[in-house]
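Based on the sequences and whatever the hints tell you, model everything.
Line by line, the protein sequences are chains A and B.
Residue numbering for the first sequence follows the numbering used here, beginning at 11 and increasing consecutively.
Residue numbering for the second sequence follows the numbering used here, beginning at 11 and increasing consecutively.
In case anyone wonders, no lab produced these hints; they're calculated from the structure.
Hints are all accurate, no fakes.
Each pair may be met inside one copy or between any two copies, as identical chains are not told apart.
Below, simulated DSBU-like cross-link-like pairs (lysine-lysine); rule was C-alpha separation at most 35 Å, straight line:
| # | residue 1 | residue 2 |
| --- | --- | --- |
| 1 | Lys-93 | Lys-161 |
| 2 | Lys-380 | Lys-265 |
| 3 | Lys-245 | Lys-425 |
| 4 | Lys-93 | Lys-162 |
| 5 | Lys-195 | Lys-369 |
| 6 | Lys-380 | Lys-490 |
| 7 | Lys-245 | Lys-294 |
| 8 | Lys-425 | Lys-407 |
| 9 | Lys-162 | Lys-70 |
| 10 | Lys-161 | Lys-63 |
| 11 | Lys-70 | Lys-93 |
| 12 | Lys-318 | Lys-195 |
| 13 | Lys-259 | Lys-195 |
Protein chains: 2
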Amino acid sequence: MSVQDEQGNSRRLAKDIGSLYYSDLLPLAGDSEPETREFLNRMTEILMDFLHKTFDRSSKILDFHHPEQLLEIIDLSLPNQPKNIDQLLADCRDTLTYQVKTGHPRFFNQLSNGVDVISMAGEWLTATANTNMFTYEISPVFILMEHMTLKKMREIIGYKGGDSILAPGGTVSNLYAVLAARYRKYPRVKSEGLQSLPGPLVMFTSEHSHFSMMSAAAASGLGTDNCISVPCNEKGQMIPAELERLVLKSISDGKIPFMVTATAGTTVFGAFDPINPIADICDKHHLWLHIDAAWGGGLLMSEKFRYKFEGIQRADSVTWNPHKMMNVLLQCSTVHFKQNSLLYHCNRMCADYLFQQDKHYDVTYDTGDKVIQCGRHNDIFKFWLLWRAKGTEGFAKQMERFVQLTQYLVEGLLKRPERFQLIVAEPECTNVCFWYVPTRFRTMAPGPERDRLLGQITPILKGRMMSTGTLMVGYQPQGKLPNFFRCIISNQAVTEEDVDFLVDEMDRLGHDL
Amino acid sequence: MSVQDEQGNSRRLAKDIGSLYYSDLLPLAGDSEPETREFLNRMTEILMDFLHKTFDRSSKILDFHHPEQLLEIIDLSLPNQPKNIDQLLADCRDTLTYQVKTGHPRFFNQLSNGVDVISMAGEWLTATANTNMFTYEISPVFILMEHMTLKKMREIIGYKGGDSILAPGGTVSNLYAVLAARYRKYPRVKSEGLQSLPGPLVMFTSEHSHFSMMSAAAASGLGTDNCISVPCNEKGQMIPAELERLVLKSISDGKIPFMVTATAGTTVFGAFDPINPIADICDKHHLWLHIDAAWGGGLLMSEKFRYKFEGIQRADSVTWNPHKMMNVLLQCSTVHFKQNSLLYHCNRMCADYLFQQDKHYDVTYDTGDKVIQCGRHNDIFKFWLLWRAKGTEGFAKQMERFVQLTQYLVEGLLKRPERFQLIVAEPECTNVCFWYVPTRFRTMAPGPERDRLLGQITPILKGRMMSTGTLMVGYQPQGKLPNFFRCIISNQAVTEEDVDFLVDEMDRLGHDL
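Structural data, given as structure tokens:
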């Protein structure tokens, strides 16, 4: 069967591809382009249907099943014999049926919420181009896009020059900062190791900071005992005087302080550490200052929120994840360095088979020898395309909208003080932390004992949300505070109506607990 | 404008979306589903056209431009104001026009060649589902797929039980192995650091192994001097007697050996280290045995090549990258451990906000607390779907076909001994290493002086390939051997005709050098 397409070319049509197999498609079967197109068209239809349900408020966010139930419902086995196209497409449909719709306007569960269709289309292109990011040789356009985009981000931070890299997540970005800080202090650590140093290196980070700093201390061989937690005030911000006290104590204990991490947007409270006072302490004691703005970084896109980052240009390095508040698809994390070429000197291994210096082009664009990965996934295209689509102004508006909706939520909770108990009265980011108070606790005096009981019902209410499938909000304890909810607004699909729904639905699901 | 679709539903059509903007699409504009569908359809057409050219031998692999030229041709700027849909689609077309077609049947340049359309469709779904892999809570189906697939891989390796994780590339997989080996030897390293140990830890790997072992030694704080290179025979295989000599020497030097890496498929020669004799040495000296099968691992899928891995089940850990010979899209790397729960104990940081132990489901499926990343990209779906599509037998056939084509290439080069000088006469993997000999060198006696001169023309010939755009083959030096070509067959689009083309085209482009 063949038809004329719009350009008048004859095209063979493959209507019934369901009974075909892998070996009937490209590239194995050389003349199978119509069948391959038809397969991809059917796949695209499945994906569009999933998007339709994602943005449809009458659809559930998830259809929850426990692991052993799910294993009974869907066939996840890896067969010896191939499955045909019909079965593969059914596999895709089943997978999406039981997947959580993280782009649903009532999914407030993670720092990365939402699915952006431009960025998503960008990721489809990335998949089709299927290349690695280590050399200009095989990724010329994408390497230049990284170059342009990272340079622009450094300008926004306030760096002149410098260097940056994309990493597989904020935790690895933070590890890069630890490695660079360590190398600047003692370059010989690269060849001779930590045991060649005159004493144990210690780093400092706030008690509210992300666990990735501890993880980096473990992986890099410093040991978690040498990642020292600095106390915070009740807003979750690091107390500079406490930092200085602990730096001095570690020196008197015979340790060697080398690095401080200030967080711009903590994971739970969304707090911003005061950068300038921390930078002053770093200057005084010659410490590397790293800013973990993995979460809060997006707010840099609006001049209105610039004040939260006052002093950021003084930092030696900054982590900033566009896959969080900027809604770039997962994953897209960046880390920026004030000093040029440090990343390169710290991490280069001079692999001859990739980073030949005698290539016929300017090899300074090859990025692979400054990373601790070898190959890197192409995380830039989806971000670059989204920036083209929105413009810098579009990102600024988005940040302002998220903050506006956060304020709307806070007001909604304050209007119902008997039902909701706010933990941070004036959120600095889009995190809203609170306990839900079921009916039987409303007459009980607020205080540690009531908090403890509310902490016990929190996971039960979360379980009800997931079983019902209408709402998802995360929870956790923090320090001495028992379990409480942390609602995140970072999805452009969210409206005031969804925020109203959140408030009402928690009450509907939890009032009798 | 509206039409009836196949189900009889009325659908508004959006024919002219070119002048629309980001804010006119989902999720910002709530009623814009037809426009969004039309945008994605147009994007899909662009991607299909790229695939068409990728598999069309009359298309060039690349249209090479130097960085400064490319920056003049395409507009990569990040604007303040949004670009419209027409411009975004033009951006996508331009990007692909200047991208290297890594799936082209004449691209023999990397260990990861080819673009598999099933795996690609899987990655489109992954993008649309846009979730993170740290918890069952937000990735139930994908977490179970990881569980099933990694278990199957461990069975193929020959492990009973054990544990595994997907990592962002083989280098990070190898880093996981170093961290686990170090932790098993001295669990206190996690909290107290390397400086608490009685002496410097040392690891061993062959001089032909991938640079990632050196990189892991640097990042983990051991120092590259403590990653000791073991000499190889002329085939590129580690010499076990040399390993034992160096282990004993390091002990007498007051160092603490803890780990040996054997490579199954080296990067350049494709050599397989002899596992059993190396495992005997590891047993004797109580050393962790890691197998880096990032490249060669795919051959485990065929019983015919199992003999190359004899003894692999004795290893404590194995790296295996399905994104290489198995043609899963970039990226997909796995690392497997014989011992269960070690990964968890080594890396867990107990982050309360993600890995609550009081959730309403079985939290042993949450994987995020055993990794050194926090969030992980979903790298499993494209692999799982491909396995369903091909079956285990399909992978076995693919491996046998690659080895057959490699043999065909070797025979083709041997037939032209005046033009091609093989470096490894009998490749163990699909790497074929050789010098091309231009006319004026053909009468010169083979030997180090001729090799040196051939090494000089190698990058020039590579430059000609890229400028012409008809062929891409990698090159590098190795130890004392000057630059030579390394051809990789790992693309299912390659046929005997493409191998013939490679031989003829190198001669056409290089004979007058």
